[in-house]
Amino acid sequence: MSLEAMPHTAANHPVLDPLLAPPFPQAALPMLRNPQLRKNVGHAIDVIQAKRAKLVAEKTDWQDLRSAASAIRAQALENLGAYLEQFEARCTAAGGTVHWAADAAEARQIILDLLREENASEVIKIKTMTSAEIQLNPFLEAGGVKVFETDLAEIILQLGEDEPSHIVVPALHVNRSQVREIFARRMGLENLSDDPQALTAAARNYLRRKFLDVPTAISGANFLIAETGSVAVVESEGNGRMCLTLPKTMITLAGIEKVLPRFKDLEVMLQVLARSATGERMNPYTSLWTGVTPGDGPQRFHVVLLDNGRSSILAHKTERQTLKCIRCAACMNACPVYRQTGGHAYGSVYPGPIGAILTPQLMQMHHAQSLPYASSLCGACYEVCPVKINIPEVLLELRSQVVNQERHHIGRFFDPMYLGLRVANFLFQKAWRFHLAQRLGRIGLRLFTKKDGWIHSLPSIGGKWTQTRDLRALSSQTFHEWWAARRREAE
Amino acid sequence: MRASLFITCYNDTLFPETGRAVVSLLERLGVSLDFHPKQTCCGQMHANTGFRGEAFSQAKRFVRLYQDAETVVIPSSSCVAMFRDQYPGLFEELGNEALRREFAALLPRVYELSEFLIDRLGVEDVGAWFPHRVTYHASCHGVRALHLGDRPYRLLAKVRSLTLAPLANVDRCCGFGGTFSVKNAEVSSAMLAVKLQDVVATGAEYCTALDNSCLMHLGGAMHRQYAGMKTIHLAEILASTEASPSEATR
Numbered sequence: 001m002s003l004e005a006m007p008h009t010a011a012n013h014p015v016l017d018p019l020l021a022p023p024f025p026q027a028a029l030p031m032l033r034n035p036q037l038r039k040n041v042g043h044a045i046d047v048i049q050a051k052r053a054k055l056v057a058e059k060t061d062w063q064d065l066r067s068a069a070s071a072i073r074a075q076a077l078e079n080l081g082a083y084l085e086q087f088e089a090r091c092t093a094a095g096g097t098v099h100w101a102a103d104a105a106e107a108r109q110i111i112l113d114l115l116r117e118e119n120a121s122e123v124i125k126i127k128t129m130t131s132a133e134i135q136l137n138p139f140l141e142a143g144g145v146k147v148f149e150t151d152l153a154e155i156i157l158q159l160g161e162d163e164p165s166h167i168v169v170p171a172l173h174v175n176r177s178q179v180r181e182i183f184a185r186r187m188g189l190e191n192l193s194d195d196p197q198a199l200t201a202a203a204r205n206y207l208r209r210k211f212l213d214v215p216t217a218i219s220g221a222n223f224l225i226a227e228t229g230s231v232a233v234v235e236s237e238g239n240g241r242m243c244l245t246l247p248k249t250m251i252t253l254a255g256i257e258k259v260l261p262r263f264k265d266l267e268v269m270l271q272v273l274a275r276s277a278t279g280e281r282m283n284p285y286t287s288l289w290t291g292v293t294p295g296d297g298p299q300r301f302h303v304v305l306l307d308n309g310r311s312s313i314l315a316h317k318t319e320r321q322t323l324k325c326i327r328c329a330a331c332m333n334a335c336p337v338y339r340q341t342g343g344h345a346y347g348s349v350y351p352g353p354i355g356a357i358l359t360p361q362l363m364q365m366h367h368a369q370s371l372p373y374a375s376s377l378c379g380a381c382y383e384v385c386p387v388k389i390n391i392p393e394v395l396l397e398l399r400s401q402v403v404n405q406e407r408h409h410i411g412r413f414f415d416p417m418y419l420g421l422r423v424a425n426f427l428f429q430k431a432w433r434f435h436l437a438q439r440l441g442r443i444g445l446r447l448f449t450k451k452d453g454w455i456h457s458l459p460s461i462g463g464k465w466t467q468t469r470d471l472r473a474l475s476s477q478t479f480h481e482w483w484a485a486r487r488r489e490a491e
Numbered sequence: 001m002r003a004s005l006f007i008t009c010y011n012d013t014l015f016p017e018t019g020r021a022v023v024s025l026l027e028r029l030g031v032s033l034d035f036h037p038k039q040t041c042c043g044q045m046h047a048n049t050g051f052r053g054e055a056f057s058q059a060k061r062f063v064r065l066y067q068d069a070e071t072v073v074i075p076s077s078s079c080v081a082m083f084r085d086q087y088p089g090l091f092e093e094l095g096n097e098a099l100r101r102e103f104a105a106l107l108p109r110v111y112e113l114s115e116f117l118i119d120r121l122g123v124e125d126v127g128a129w130f131p132h133r134v135t136y137h138a139s140c141h142g143v144r145a146l147h148l149g150d151r152p153y154r155l156l157a158k159v160r161s162l163t164l165a166p167l168a169n170v171d172r173c174c175g176f177g178g179t180f181s182v183k184n185a186e187v188s189s190a191m192l193a194v195k196l197q198d199v200v201a202t203g204a205e206y207c208t209a210l211d212n213s214c215l216m217h218l219g220g221a222m223h224r225q226y227a228g229m230k231t232i233h234l235a236e237i238l239a240s241t242e243a244s245p246s247e248a249t250r
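As you go down the protein sequences, you meet chains A and B in turn. If you're matching positions, the first sequence starts at 1 in the working numbering and goes up one per residue. If you're matching positions, the second sequence starts at 1 in the working numbering and goes up one per residue.
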């Protein structure tokens, strides 16, 4: 088995760092031109969507469940500081150790230091998007700790030198024959078939030794329970259960927003999460633990609570709802934009509609400003969100922040979009100005109108429209002109 | 019954036939119509691109011009969604108490066309005749913001000689999204390509909707690709009669 890092092919390696990723429209292009990727994403999403729709439909009280889940998450955020302190106290009393990390660098260092205390040269991991957010794996590898992902999708990505494109199904963009190719090459199994059973058997075989050999594990958390100091992790494969029970030391990394006030809140959250995320009545493995239990499971337990921009999101009234997210990915599965681009175009480990609002806010609105515009505002995300995050509303709020940042930049005075919107606003203030512009526009567009009465090509941003669509020539009479003529005739 | 028309900026400029059809349809149903010549735009384009201050000045104009209207009818679901979903926030943030009060009094009297026909006039059969195979695209704002539900289908079901062809993924976005279609032109085009496949697969001659913005997008691609289909606003189908067929079919 050869696990040396292969040379990165920079041209096709996705960049999931908001500091380095190109703006969304450019980042989307390679995806749009990749028929295999679009087919893989569309097919995978159709399967998940159909399962979700069926299981949501059988819940007659689905809307009540959504309201309850939304209220629980809102309550947790309203009193986040108090709930986090309560969690810390209960977790500590049960033998856990709680660490607070203000940003990604601090969290990475805390985790590396903990691993060094354990003299760990290897660590096994359960899928955690938060660790991808802080780019933990490359940091640990550079610090001399070999990282082994144990989630099937994460193994595919790690061995394939790829990046996650979805938060629940990270290798959603990879199909089974591509998985076969990666496993065959990296595990040295030339005769591997692409039968799903053969592929999972190969992964299991590869993993089982790691579960037994590596005494230190890293996990994320789906929920932290303030009332009891417990941590909950839900998963489908059982790898999480192995990581959470076999090692001697467990390090859990969790965003500070993951807290729930009461243990009984899980009743609601687990129902909406499983149905929304994977289209299951209940997820196959739900692991819950509280601190340390002598003689059972890991004997050293650390929780790293990560802020990394979250408390600044919390301070804003409209944007705060972003933190209600329980990472079910229903929004990206429903999103017609994500469906075409897949996740890598979002330049962040959080793709899709939730990524479009979360990533720029985690970047304090200094990077990823193209993401709030990566939506047609169709509202499908809000409709399916189990905790009722009004994503279109937050997108609009963030767009207005981007405009306020940029509107006085000298370059924007010559940007055709900004210029056009400013001029349009001036025209709309007085009907006579608007009507004059309509008449001038009618004359001006004659230059571009073909004999068939349609415009096939326009300059500047108009060309963005006509690159794939025609535009019908303006009528010789606007509605208000027709109305006025009709009035005159009647009189 | 009296009603005031709001024919928003792009309908006035690009689709005057839709406004004319609304006039012919509603007058046939006995509604007495007026139209304010000073109206311009609802501000949706500005609001959706992040220009809130500019959107607010459009919103103020609308309330000022229409505050005395008995009923306002708008044949554009996304503009109606602008009033319902975005005006309250704009007035809360930028307006004063008097403006908020005037808007709150006006809002319940603002109707999208199919809402006006079914909820206000209580008609489903408007006496229309349209001898064509038609498919209906449930636009994003119509279905998810206004919750129009089966209203358009109930109206279409009563149109004589019309065959309704069901559309797969009926409520999936066509990719227009206002300035999204130029800011993210390639992604928008990819969404359009997929939507158009579903629309063409219906075998319909016409694709209809309650929003000309989606229809401009779909129609622009149909024309570019010689898809053998046309778009038509639902108002024009409902205005069409045997004695006076829709101008779109001529």
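For the record, the hints were derived by calculation from the structure and aren't laboratory data. There could be a bad hint or two in this list.
Subject to a maximum C-alpha distance of 20 Å in a straight line, what follows is the list of computed DMTMM-like cross-link-like pairs (lysine to aspartate or glutamate) [to be verified]: (1) A/K39 / B/E186; (2) B/K38 / A/E481; (3) A/K39 / B/E97; (4) B/K60 / B/E97; (5) A/K146 / A/D213; (6) A/K146 / A/E163; (7) A/K317 / B/E205; (8) A/K317 / B/E92; (9) A/K264 / A/E88; (10) B/K60 / B/E27; (11) B/K183 / A/D415; (12) B/K183 / A/E393; (13) B/K230 / B/E205.
On the chain B side, residues computed to face chain A include the following (Cβ under 7 Å) [said to hold, decoys possible]: (14) D12; (15) G19; (16) E54; (17) K183; (18) A221; (19) A227.
Note that beta-carbon positions come from the ideal geometry of N, C-alpha and C, so glycine has one too.
Keeping to a limit of 20 Å between CA atoms, is the pair of A/K39 and B/E97 held or broken? This hinted pair is violated, its Cα atoms lying about 53 Å apart.
Within 20 Å, alpha carbon to alpha carbon, are B/K38 and A/E481? holds (12 Å)
Grab the minimum C-beta distance from B/G19 to chain A and call the hint holds if it beats 7 Å, violated otherwise. Nearest chain A Cβ about 4 Å off; hint holds.
Would the stated hint for B/K183 survive a check requiring a Cβ distance to chain A of less than 7 Å? Constraint on B/K183 satisfied, holds at 5 Å.
Is it true that the CA of B/K60 sits at most 20 Å from the CA of B/E97? holds (13 Å)
Satisfaction of hint between B/E205 and B/K230, Cα-Cα up to 20 Å: holds (6 Å)
Against the 20 Å threshold, does the CA-CA distance of A/K39 and B/E186 hold or violate the hint? holds (17 Å)
Given the proposed pairing of B/K183 with A/D415, does the C-alpha separation stay at or below 20 Å? holds (12 Å)
Could you grab the alpha-carbon distance between A/K146 and A/D213 and see if it respects the 20 Å cut-off? holds (13 Å)
Within 20 Å, alpha carbon to alpha carbon, are B/K60 and B/E27? violated (29 Å)
Restraint: B/E54 near chain A, CB-CB cut 7 Å. Satisfied or not? holds (4 Å)
Per the CB criterion, is B/A227 less than 7 Å away from chain A? Given a least distance of 11 Å, the restraint on B/A227 is violated.
Checked against the numbered hints listed earlier, the structure breaks hints 3, 7, 10, 19; every other hint is satisfied.
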